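Two chains, two separate frames, one set of hints: put the complex together.
Protein sequence lines correspond, in order, to chains A and B.
For the working numbering, count along the first sequence from 1 and bump the result up by 193.
For the working numbering, count along the second sequence from 1 and bump the result up by 203.
These are computed hints drawn from the structure, not numbers from a lab.
Computed from a prediction, not measured in an experiment: that's the story for all the values here.
Just to be clear, a hint being listed does not mean it is correct.
Anything over 12 Å on all C-beta distances counts as not near chain B; from chain A, calculated [unchecked claim]: (1) 218; (2) 312; (3) 331; (4) 357; (5) 361; (6) 368; (7) 381; (8) 433; (9) 449.
SDA-like cross-link-like pairs, simulated, lysine to any residue; straight-line CA separation at most 20 Å [stated by the list, open to error]: (10) B:276 to A:279; (11) B:214 to A:270; (12) B:276 to A:375; (13) B:214 to A:280; (14) B:505 to B:455; (15) B:276 to A:280; (16) B:214 to A:313; (17) B:271 to A:371.
Stretch-level coverage of chain B by chain A, calculated; a stretch enters the list once three of its residues show a Cβ under 8 Å from a Cβ in chain A [unchecked claim]: (18) 235-241; (19) 416-430; (20) 496-503.
Glycine is no exception: its CB is placed at the ideal position from the N, C-alpha and C atoms.
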Amino acid sequence: MREHRRTGFTHLLRILVIAYLGLLVVWPVALVAISTFSRGVQPVLDTFAQPEVQFAFQLTAVSAFWAVLINTVFGVTISLLLVRARFPGRRLLSALIDLPLSVSPVVVGLALLLVYSNRTGWFGPALERLGLQIVYAPAGIVLATAFVSLPLVVREVVPVLSEIGTDAEQAARSLGAGAVQTFWRITLPGIRWGVVYGVVLSLARSLGEFGAVKVVSGGVALRTQTATLLVEERYQQFGAANTVTAYTAALVLALIAVVALVVVAALRPERRP
Amino acid sequence: MSIEISDVSKKFGSFTALADVTLDVPNGGLTALLGPSGGGKSTLLRIIAGLETADAGSVVINGLDATKIPAQKRNIGFVFQHYAAFRHLSVARNVAFGLEIRHRPKAEIAARVEELLALVHLSQFADRLPSQLSGGQRQRMALARALAIEPAVLLLDEPFGALDAKVRKELRDWLRRLHDEVHVTTVFVTHDQEEALEVADTIVVINNGRIEQVGTPDELYDAPATEFVMNFLGPVTTLDGRLVRPHDVAVEAHPHPGARAGRIVRLTRVGFEVRLEVGLDGAGAVDRPVLVTLTRTEARAKGLEEGSVVWVAPAPGAGTIAIGG
Numbered sequence: 194m195r196e197h198r199r200t201g202f203t204h205l206l207r208i209l210v211i212a213y214l215g216l217l218v219v220w221p222v223a224l225v226a227i228s229t230f231s232r233g234v235q236p237v238l239d240t241f242a243q244p245e246v247q248f249a250f251q252l253t254a255v256s257a258f259w260a261v262l263i264n265t266v267f268g269v270t271i272s273l274l275l276v277r278a279r280f281p282g283r284r285l286l287s288a289l290i291d292l293p294l295s296v297s298p299v300v301v302g303l304a305l306l307l308v309y310s311n312r313t314g315w316f317g318p319a320l321e322r323l324g325l326q327i328v329y330a331p332a333g334i335v336l337a338t339a340f341v342s343l344p345l346v347v348r349e350v351v352p353v354l355s356e357i358g359t360d361a362e363q364a365a366r367s368l369g370a371g372a373v374q375t376f377w378r379i380t381l382p383g384i385r386w387g388v389v390y391g392v393v394l395s396l397a398r399s400l401g402e403f404g405a406v407k408v409v410s411g412g413v414a415l416r417t418q419t420a421t422l423l424v425e426e427r428y429q430q431f432g433a434a435n436t437v438t439a440y441t442a443a444l445v446l447a448l449i450a451v452v453a454l455v456v457v458a459a460l461r462p463e464r465r466p
Numbered sequence: 204m205s206i207e208i209s210d211v212s213k214k215f216g217s218f219t220a221l222a223d224v225t226l227d228v229p230n231g232g233l234t235a236l237l238g239p240s241g242g243g244k245s246t247l248l249r250i251i252a253g254l255e256t257a258d259a260g261s262v263v264i265n266g267l268d269a270t271k272i273p274a275q276k277r278n279i280g281f282v283f284q285h286y287a288a289f290r291h292l293s294v295a296r297n298v299a300f301g302l303e304i305r306h307r308p309k310a311e312i313a314a315r316v317e318e319l320l321a322l323v324h325l326s327q328f329a330d331r332l333p334s335q336l337s338g339g340q341r342q343r344m345a346l347a348r349a350l351a352i353e354p355a356v357l358l359l360d361e362p363f364g365a366l367d368a369k370v371r372k373e374l375r376d377w378l379r380r381l382h383d384e385v386h387v388t389t390v391f392v393t394h395d396q397e398e399a400l401e402v403a404d405t406i407v408v409i410n411n412g413r414i415e416q417v418g419t420p421d422e423l424y425d426a427p428a429t430e431f432v433m434n435f436l437g438p439v440t441t442l443d444g445r446l447v448r449p450h451d452v453a454v455e456a457h458p459h460p461g462a463r464a465g466r467i468v469r470l471t472r473v474g475f476e477v478r479l480e481v482g483l484d485g486a487g488a489v490d491r492p493v494l495v496t497l498t499r500t501e502a503r504a505k506g507l508e509e510g511s512v513v514w515v516a517p518a519p520g521a522g523t524i525a526i527g528g
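One chain only, chain B, in its complex shape (with noise of 0.2 Å):
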């Protein structure tokens, strides 16, 4: 149920944005679409509200044909990077726009616009003009005008892309607090893996018009189903033909169980974390070091320094994949 999207292909002159895209999105969820920029998220967030048509392929919302529905006739809120702010029209008049358009009562309007704006905060700015506004405020008056018309789906395109990052993490934990009191269908586009991590249910990694994997932030953690997935979603590192996180990989000061043996090139500290490059013995000129990542009572009790002879190993349990497998 919810969206469930078929076989989608686009493509713009000779450039593929998608190609041949099935996706289920789950009800009442809060999804991410998460993908380097260029890769497709953003068509298809576009295609899903109709403001792109498909080349190819079927869009489904509740159960209900969406694909040759025009976007006014969706019922889809739909919030942009950059706000699309009505600036010739106070905020409470920006939120009452889908429902003047809807020729609700005055005062029914009226009543829900001041509920909206008491939900997004912005109740003392009702009367001012977006220009007046702070970036964060505008994406809140966005939100509450795309949450007027009651939408099937909510849609969002980079909604925190064009804020500073402080205002963007205190956005993003509230978009998560008001997905979990009005549980609207909600699928959010980001190139941030942390926000993706952080806010959502379920991620959906696209990258070169194709999805690479879809599940919970904790799977695609930690089980990536591509090579392409691990590295997106935080640092990695090579040991042995195998792609494995820097945290995940034990370094001991004498030898372990299938270590390899290698000296610490590099160590440095930032916080309480220690970053360590270590030179594998018998690694050619071409290969890099072998990151590795621990905190510093870790690495003071092994006794670690620049100069080290060590042997890692990935740990136990740990999540590696094989490179070009």
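Chain A extracted, bound-state conformation (with noise of 0.2 Å):
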């Protein structure tokens, strides 16, 4: 009886999920790929065609490339700092490392503004004498980008970190091996899933970023606008032409996101030890 009433409470479990699931982000997510072609392929095809956004989606993948770089080196040292090394203020940094994960990205994008812009940020004069630009300028996406999406490599190998444990390494290091040899021969191979799926996940989010990206870059075509600016921008502009063009952009953005997932779902039965 209560085996029956247990199914009975997980089948209803399992449709509240699912319409949840399904009303949430099946749904709309399919809608963006019916309203792609509901005029047919070769407007899709035609989107592809545009300088505009041919230079969107380069400049989302090289801004992301180099996010993702960025976070990937910071990520596992600022990882290996948070396991292996004991020193006052560690708790504090560890929770400093997650504040990109609650802080709205439009805050950000505005601090980043408040530090690098080259009129009235803290550092953005000096820079500027020195002929670089940051704000409304590629770094200033990198910057934006890598700022967001920081958690998520140190989330992953945090844990890995501390359970491969230090044995393996000491053993090294008996064994004649210096930092340097045991870090690349020992720690990173025993953490590789980790960062693995750290790198994946940092980049499905460097793709989408929306938010921080907009207040830093201003958005201009050909010059500082990435995808999901560009969605955004030909979504509010009039003509079917632009409304196609948005979805096709953002459908590909979907389609790049799901692929990072898979690959994911594919990686974590490879995480056994």
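Here's what the structure looks like:
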């Protein structure tokens, strides 16, 4: 009897979850796909011929690449520091790492403006004299993207690093390996799946970043307009062609995210020791 | 020669792990650091290896002051309790690790790895991953890996602690035979007195961060320096204010010189062994009965039964130690 009631309850829960996910995720995303092809395939193909669209995706890809690279290097370093080192303020640092997850990206963008704006920012004028423009330039986009995706690598690597422990590293040291050799030969292979997982998540997050990038980039077509900014701009303009462009770009972004998630799902079983 | 440890101290916060420890480990021997957990023996081993730094004191290895030398330059083989296998490398690559770091020629590495895997009976597992080995096999791999660098000293931290009793016994015998073959100065940490007595040439008993006694297994067993050592190395009982081993108590059904009268309150037989608890006449309620062990044959010859009146005394030549002395 109890067993039966439990199955009944499970069924109810399952239906609720599916309905929730369907209304919130699947249906809207499916509508994007349907709207993209509402006027046939030709307008979609035309979209990719537009220089603005090509530029936006290229800028997104390049920014995401640098942001992920920076976050991977810093993320692994910060993880090593958090797990292996004991220092005052370690827990504060750990809490700070999570900050980008909880702070609205728009706030992140504004904060970056305050620091790097070339007229009013703290560093901005000095950097501009050196010929470096951060705000309203690709560098600012990379910075904003790196900021919002900072915790993803750290949060994936820290648990793996704690789990593998220090025995193998100490064994490597006793066998004559220096700190750098130990890292490349023992530590990094030990945490590689955590790093890969973190990189994939960061990449997905970086490609889709909108708020912070919008504030710092200015969103000028063919100069600082990323794919997400392009979607917003085209959607707000008049004309069917612009709408199709917006939907097409949105669909491509969604497909990349789906591929990233599939990759993650495929990697997950590999994470056993 | 070999390892000279002088006045080594180590604290973790307010906890004293080692207090002024001085010890000479003989060259070529198999030495056991024996003591209860938390007694400081593993810390001492890790200080010798350079995996831990001493707060004070010095470590001299083969005449060379190693106190300030980092672990990777000490040329010490270290075997961990939980194997510390390199999980992403094959058994052969694990063993080859130290040689690869030293940039030895490929052919030399291959030959040496083959030789070592034969020594630890793992030749047929060369291409497996550590996760495909049993605990005992992993520990033999770790040993081969440590031996590969031809270490000045081989250190083992509770090497058999994570293994089940049968494998532990096998590996223990095997380590003894291996040491007789390779002759490298070896120090191992254990909390198992039987393991130390069986395998080691020299035993160092460590408790509360201090060395209680150093000696051969026989010396320690026959002439323990302290109550702690006597207690730790085997069962003891109290008779006339002295600690004595239960099998060193002479028990007779008639009075004999220096013996105290009592009554057998409990008799247990475990295989060939008979264990007696003798309540002495005039003993208070808080006094614990004297424990005596003898063989089944002896007990039968003397006609001992529960309730029998007996006289007990330390056997002639028995090692005893005064309590509180």
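For each hint, the structure was consulted:
no.	hint	in the structure
1	218	holds (37 Å)
2	312	holds (51 Å)
3	331	holds (37 Å)
4	357	violated (8 Å)
5	361	violated (5 Å)
6	368	violated (4 Å)
7	381	violated (10 Å)
8	433	holds (55 Å)
9	449	holds (30 Å)
10	B:276 to A:279	violated (25 Å)
11	B:214 to A:270	violated (29 Å)
12	B:276 to A:375	holds (14 Å)
13	B:214 to A:280	holds (18 Å)
14	B:505 to B:455	holds (7 Å)
15	B:276 to A:280	violated (27 Å)
16	B:214 to A:313	violated (53 Å)
17	B:271 to A:371	holds (16 Å)
18	235-241	violated (count 0)
19	416-430	violated (count 0)
20	496-503	violated (count 0)
Hint check: violations occur at hints 4, 5, 6, 7, 10, 11, 15, 16, 18, 19, 20; the rest are consistent with the structure.
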